[in-house]
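Q: Each protein sequence line maps, in turn, to chains R and F. The numbering of the first sequence is this note's numbering, which starts it at 5 and goes up by one. The numbering of the second sequence is this note's numbering, which starts it at 5 and goes up by one.
These are computed hints drawn from the structure, not numbers from a lab. A few of these clues could be false.
If several chains are the same, the list does not tell them apart, and a pair holds so long as it fits within one copy or across any two.
Taking lysine-lysine pairs in the DSSO-like style, the calculated list, with each CA pair at most 30 Å apart, reads [as the list claims (entries may be wrong)]:
no.	residue 1	residue 2
1	K213	K131
2	K144	K213
3	K213	K255
Number of protein chains: 2
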Amino acid sequence: MTQKVAVIGLGSMGYGIAISALRGRHQVWGFDVNEEQVARFRAQGGQTCAMPEIAGTLDAVAVVVLNAAQTETVLFGADGVAPQLKSGAVILSCATVPPDFAREMEARCGEHGVYYLDAPISGGSVKAAEGRLSVMASGKPAAFAAARPLLSTIAETVFELGDGAGAGSAMKAVNQMLAGVHIAAMAEALTFGMTQGIAPDQFLDVISKCAGTSWMLENRAPHIVAGDYAPHSSVNIWPKDLGIVLDIARKAEFGAPITAAAMQQFLAAAGMGLGAEDDAAVAKVYARNAGLTLPGEG
Amino acid sequence: MTQKVAVIGLGSMGYGIAISALRGRHQVWGFDVNEEQVARFRAQGGQTCAMPEIAGTLDAVAVVVLNAAQTETVLFGADGVAPQLKSGAVILSCATVPPDFAREMEARCGEHGVYYLDAPISGGSVKAAEGRLSVMASGKPAAFAAARPLLSTIAETVFELGDGAGAGSAMKAVNQMLAGVHIAAMAEALTFGMTQGIAPDQFLDVISKCAGTSWMLENRAPHIVAGDYAPHSSVNIWPKDLGIVLDIARKAEFGAPITAAAMQQFLAAAGMGLGAEDDAAVAKVYARNAGLTLPGEG
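Assemble the whole structure, with the sequences as input and the hints as a guide.
A: The structure is reproduced here in structure tokens:
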């Protein structure tokens with residue numbers, strides 16, 4: 005079924021979602037504050053306009069922005085899109101946000117007759133562009149039904165985690181907790197190995213085939229081996245996402261010492277001015293502390 | 005090529021190695037302080053005797069004990085086997101030990117004309133019994149040559165990491181660092197998810213398919229979901245192995261904050277009296293701290 009779809013936020017994930025939706029034969033409008041990304045999307049056959057021109061006709065709106073504050077601005081700020089939508093339209097909220105925030109947005113959208121699907125995404129920019137994301141989704145059955153035509157073109161896997169907003173964001177928080185810890189742990193182990201004479205490429209060759217491996221190790225350690233910190237996912241993601249995790253944990257009086265330790269390393273990376281680099285650059289914190297020279301440095 | 009082989013230490017890993025060597029048509033003698041394990045091995049067609057009766061005829065000795073102290077006792081204590089071996093025999097040292105210790109053992113074995121292969125193993129008891137271990141090996145080319153007939157029957161993968169002892173143990177330390185961190189991080193995330201309404205089985209179903217997964221998560225989280233803490237690998241392994249890692253790191257002036265945080269959780273698990281349980285029981289530390297009830301409890 006073809007839908008009229010808006011994608012708000014054409015960063016690496018949103019752009020991939022928009023392109024995948026186009027490929028799925030939806031009518032897709034793209035929105036971003038970055039005019040270059042909008043022009044790039046238009047060149048691929050996407051549509052662009054001012055939101056009020058089409059908001060009332062849209063079936064689905066994917067909001068692919070950085071965080072809760074941006075999500076709230078997009079939905080309910082000045083010119084917020086939620087009140088402009090027709091009854092029965094659905095919002096797919098893809099940013100990593102606190103579960104309580106997702107529940108609040110669901111309620112406010114409901115006041116406008118609009119469905120809200122708590123739909124954080126996982127998989128990275130490559131899978132986004134291939135229409136092969138994983139979506140950790142929760143929401144009303146009607147929200148799922150309204151979102152399904154779009155979901156089927158952007159996602160390989162849709163985890164249906166419950167009949168109200170919040171569960172999707174909770175699972176995303178759990179995933180980010182492990183993903184962030186595994187990146188920092190990989191950096192810790194790779195650089196520890198260097199102090200014992202193990203070269204980074206040897207570390208990757210061996211550990212990726214052993215019980216110490218992780219999805220993130222196999223994905224990120226090659227960046228360090230190559231000395232390539234062009235951002236696929238940046239250091240700055242982690243103070244934000246682990247911040248959400250630790251905020252939720254604190255509220256629940258849950259001690260998360262390993263996550264807290266990983267957080268400090270990402271904060272140090274950001275403090276060293278590496279925030280815009282690939283998140284594998286957290287290895288540079290360890291390298292500097294231990295006087296090591298990573299591949300591509302020095 | 006058929007060899008005369010001794011396996012010293014018939015715990016879950018050593019027993020599997022001994023059985024795999026038997027299956028590989030070697031002549032295999034098994035040794036353990038636990039007479040039940042020795043009898044079990046004999047019932048499977050293994051040979052048993054007092055070491056001095058056959059030491060001088062052995063081609064290879066696999067030492068599969070708990071740590072460096074036991075390895076040293078087996079090799080050079082009263083009745084130590086190393087001085088009893090014929091020239092050109094090889095010792096496969098499989099315990100997790102500090103790299104410096106491995107280098108010392110190599111040198112001392114060399115004084116007796118005996119080869120030493122620094123050969124820590126990875127893969128768990130099931131793979132050990134199947135002859136499908138991974139071995140992180142380093143040593144002289146002649147040590148590899150002498151060990152190859154035995155290695156080919158017990159290992160699926162032999163990483164050849166260098167021409168002297170130490171590199172194998174260093175890589176094993178790196179692997180254990182990540183493996184231990186990943187077990188504790190899995191427990192942290194699983195229980196954190198519980199505070200947000202995510203059931204352990206739902207955690208496993210979703211996260212094992214997402215970027216937050218790890219080899220250890222997929223292997224150990226099912227134990228928590230099943231409430232089954234029968235030890236495949238016990239909590240007590242980790243204060244030992246992460247202790248080795250942190251000792252090496254301290255000597256290298258390498259700060260390992262994530263490993264240090266994971267260590268505290270395993271120490272707490274041991275302190276709670278869970279040392280002999282499966283290492284997934286580290287989740288009980290988090291559950292107790294957060295007032296959660298794990299599957300199979302309460």
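Q: For every hint, state whether the structure bears it out.
A: Against the structure, the hints come out as follows:
| no. | hint | result |
| --- | --- | --- |
| 1 | K213 - K131 | both (23 Å within a copy, 14 Å between copies) |
| 2 | K144 - K213 | between (42 Å within a copy, 24 Å between copies) |
| 3 | K213 - K255 | between (38 Å within a copy, 28 Å between copies) |
Of the hints listed earlier, there is not a single one the structure fails to meet.
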